[in-house]
Structure formats: structure tokens, C-alpha cells
Amino acid sequence: MADIAPTAGFDRDTFHLIEKDGHDGGHSSPVLLGFWIYLMSDALIFASLFATYGVLSTSFAGGPTPRELFHLELVALNTAILLFSSITYGFGMLAMEEGRQRSVQLWLAVTALLGIAFVGIELYEFGVLASEGATPQRSGYWSGFYTLVATHGLHVTTGILWIGLMMVQVAKRGLTLVNKRRLLCLSMFWHFLDVVWIGVFTFVYLLGMLR
Amino acid sequence: MSASTDHADGELHAHSGGELHAHGEEHGHGSKKSYLVGFALSAVLTAIPFWLVMAAPLANPGLTAVLVILLAIAQILVHTICFLHVNTSGEGGWTLLAYVFTGVLLLITICGSLWIMYHLNTNMMPGMMSAQVGAAP
Chain A
1 MADIAPTAGF
11 DRDTFHLIEK
21 DGHDGGHSSP
31 VLLGFWIYLM
41 SDALIFASLF
51 ATYGVLSTSF
61 AGGPTPRELF
71 HLELVALNTA
81 ILLFSSITYG
91 FGMLAMEEGR
101 QRSVQLWLAV
111 TALLGIAFVG
121 IELYEFGVLA
131 SEGATPQRSG
141 YWSGFYTLVA
151 THGLHVTTGI
161 LWIGLMMVQV
171 AKRGLTLVNK
181 RRLLCLSMFW
191 HFLDVVWIGV
201 FTFVYLLGML
211 R
Chain B
212 MSASTDHADG
222 ELHAHSGGEL
232 HAHGEEHGHG
242 SKKSYLVGFA
252 LSAVLTAIPF
262 WLVMAAPLAN
272 PGLTAVLVIL
282 LAIAQILVHT
292 ICFLHVNTSG
302 EGGWTLLAYV
312 FTGVLLLITI
322 CGSLWIMYHL
332 NTNMMPGMMS
342 AQVGAAP
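Residue numbers (our numbering), protein chains in the order written: chain A, 1 to 211; chain B, 212 to 348.
A few of these clues could be false.
EDC-like cross-link-like pairs, simulated, lysine to aspartate or glutamate; straight-line CA separation at most 20 Å [to be verified]:
| hint | chain 1 | residue 1 | chain 2 | residue 2 |
| --- | --- | --- | --- | --- |
| 1 | A | Lys172 | A | Glu98 |
| 2 | B | Lys243 | A | Glu98 |
| 3 | B | Lys243 | A | Glu97 |
| 4 | B | Lys244 | A | Glu98 |
| 5 | B | Lys244 | A | Glu97 |
| 6 | A | Lys172 | A | Glu97 |
What the hints contain is simulated information worked out from the structure, not anything from laboratory work.
Note that the coordinates shown come from a computational prediction; the quantities given were computed from them, not determined experimentally.
Full structure from sequences and hints, please.
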């Protein structure tokens with residue numbers, strides 16, 4: 001017991017020292033820029049999935065076509081939910097700037113609930129599509145569709161888990177410098193997912209209905 | 212032990228109050244106005260393409276598709292500026308540089324793949340195959 005306490009204290013100091021070190025370059029933070037570059041690499045993953053979807057976009061193998069099965073009302077609802085979640089997260093960041101911790105927690109909770117609604121509706125949509133014969137193994141088109149859309153959904157799910165973790169972090173330690181930086185990274189991640197969704201609802205759903 | 216911890220915390224707070232705040236002004240979270248403007252523009256730029264496809268006011272699907280794509284590009288730009296706060300001054304312009312670089316790679320990946328696969332499909336049509344087989348001895 002006596003052994004553990006100093007070690008924990010040491011760890012904590014080292015942790016902060018490293019964080020401080022990473023932040024002393026004036027107004028630019030290598031953490032935020034690094035996270036930004038990670039997001040750009042993630043964008044390239046989505047680019048390859050969009051390209052795959054595009055290449056397979058007419059490979060129906062006699063199976064159902066998107067035009068027959070898509071329900072644009074659901075997609076419009078999901079788009080609205082994700083857009084609202086972007087602005088609720090934005091309000092959370094403004095509250096963070098003003099140091100209002102309870103407000104930050106509230107906006108994080110609202111954002112997480114909107115995210116859960118989004119994923120729930122998406123899973124419901126997948127269920128409906130599958131029940132109508134459009135499973136991932138039905139044709140090249142549906143393989144491409146599920147890979148692209150579900151990868152985005154998986155990112156949103158990860159974002160929800162991350163919001164949950166940040167709510168615990170903020171509750172335990174408050175709006176420290178480290179937590180603020182993590183919330184900034186999560187902000188970029190969440191808004192980035194919204195940008196990817198613009199590509200999904202445009203190229204998959206809207207153009208799919210026009211084809 | 213506790214004294215040193217307090218000291219570290221105090222330093223951290225001073226640090227956070229001064230530097231992160233000053234730096235926060237120019238990167239990361241923008242203002243209430245930028246979020247509201249971004250939200251209003253996005254709502255409009257989302258509603259129009261959905262209306263164009265669901266109500267089909269234009270008879271020409273090709274024209275509708277072009278409009279929908281243009282609106283998507285406009286909305287991506289709105290999100291980038293109002294929500295992601297990418298501008299020439301943020302992180303000394305490095306975020307903008309990475310963003311533009313990624314955009315170029317993205318276009319090459321998507322357009323290049325579609326272009327190649329389209330020609331591959333065209334050149335491997337079953338009709339062409341049988342013509343070649345027929346010509347062979």
C-alpha cells in the first residue's frame with residue numbers, strides 16, 4: 001500500500017509534465033494537429049469505401065435495387081438528428097470555454113442521446129432492408145452499401161462511447177487543460193462524422209434514388 | 212506531497228486559463244454565431260436536395276443529380292468553416308494544408324477508381340470476349 005501511493009503520485013506528475021511539454025509551442029498544439037491528421041487519414045478510408053461503393057453501384061446480380069427499398073423519410077430524419085447533434089456538441093464547446101461544467105455535461109448527454117437515436121434508426125433501417133432481401137451477401141451493391149454505411153455507423157458508435165468516457169472524466173476531474181484538449185479532439189471527430197454523412201446521404205441515398 | 216500536488220494543480224490552472232484560452236480563440240470552437248450560421252446554412256443545404264429528390268420538381272434526373280452534388284459540396288464547405296473551423300490562421304495553416312491535400316487524394320481515389328473500373332467493365336463486356344474467342348483459331 002505504502003509502495004503504491006508514491007508511484008501513483010509520480011505517474012500523475014509525469015503525465016502532466018508530458019502533457020505540458022506537448023503544449024508549450026505558443027498557440028499551436030501538436031496534439032490537435034496530430035488528431036487532425038488522423039482524421040484526414042480516416043477520410044481516406046472513407047474515400048476508398050466510397051470508391052468501392054461507386055464501382056459496385058450497378059452490380060445488383062438480379063437482386064433488389066436501392067430505388068425499390070430505400071426509405072428517404074428515415075434518412076432525412078437521421079440527417080436531421082446528426083445535424084442537431086453537431087450543434088449541441090458545439091454548444092457544449094462554448095460552455096467549456098466559459099468554464100460551465102454542468103452545462104458541458106448536459107450538452108454532452110444531449111449529443112450522446114442524439115447519437116444513440118441515429119445509430120438506433122440506422123440499425124432499424126438495416127433490419128428492414130435485410131427483411132426485404134437486401135442482405136450484405138445478396139449482391140456486390142449491397143456489400144458495398146453495408147460496408148460504407150456501417151463503417152460510418154461504427155464511427156458514430158465509437159463517438160458515443162467516447163462522449164460517455166469524457167462525461168466520466170469531466171465529472172471526476174473537472175474542466176482541466178487535459179480534458180479540454182480531449183473535448184476539442186472529440187469535437188473535431190464528431191463534426192468530421194457529420195461531414196462524412198453528407199457524402200453518404202448524397203451519394204448513397206439521394207443519387208441511389210435517382211438512378 | 213499534498214503541497215506539491217496543489218502546486219502542480221495551480222500551475223495547471225494558470226496554464227489552462229492563460230494559454231489554452233488565448234489559443235482557443237483562434238482554433239477549435241469558434242463562436243455561438245459561427246455555430247448558428249453553420250446550422251442554419253446546413254439545414255437549408257440539406258432540405259433542398261431532399262426536396263429535389265423526394266418531391267421531384269425537376270423532370271430531368273441528370274440535372275437533379277448535378278444540383279444535389281453541388282449542394283453537398285457547398286454543405287461540406289460550410290461544415291468545414293463553421294464547425295471544424297479550418298482557416299488560414301488555425302495551427303499556422305497546417306490544418307488547411309492537410310485538408311486540401313486530403314481533398315486532392317480523395318478526388319484521385321474516388322474519381323480514379325470509377326474511371327478505371329468503368330473502362331475495365333467496358334473493355335470486358337461479354338460480347339467483346341466472344342468476338343475474340345470467335346476470331347481465335
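Identify every previously stated hint that the structure contradicts and give their numbers, smallest first.
-> none
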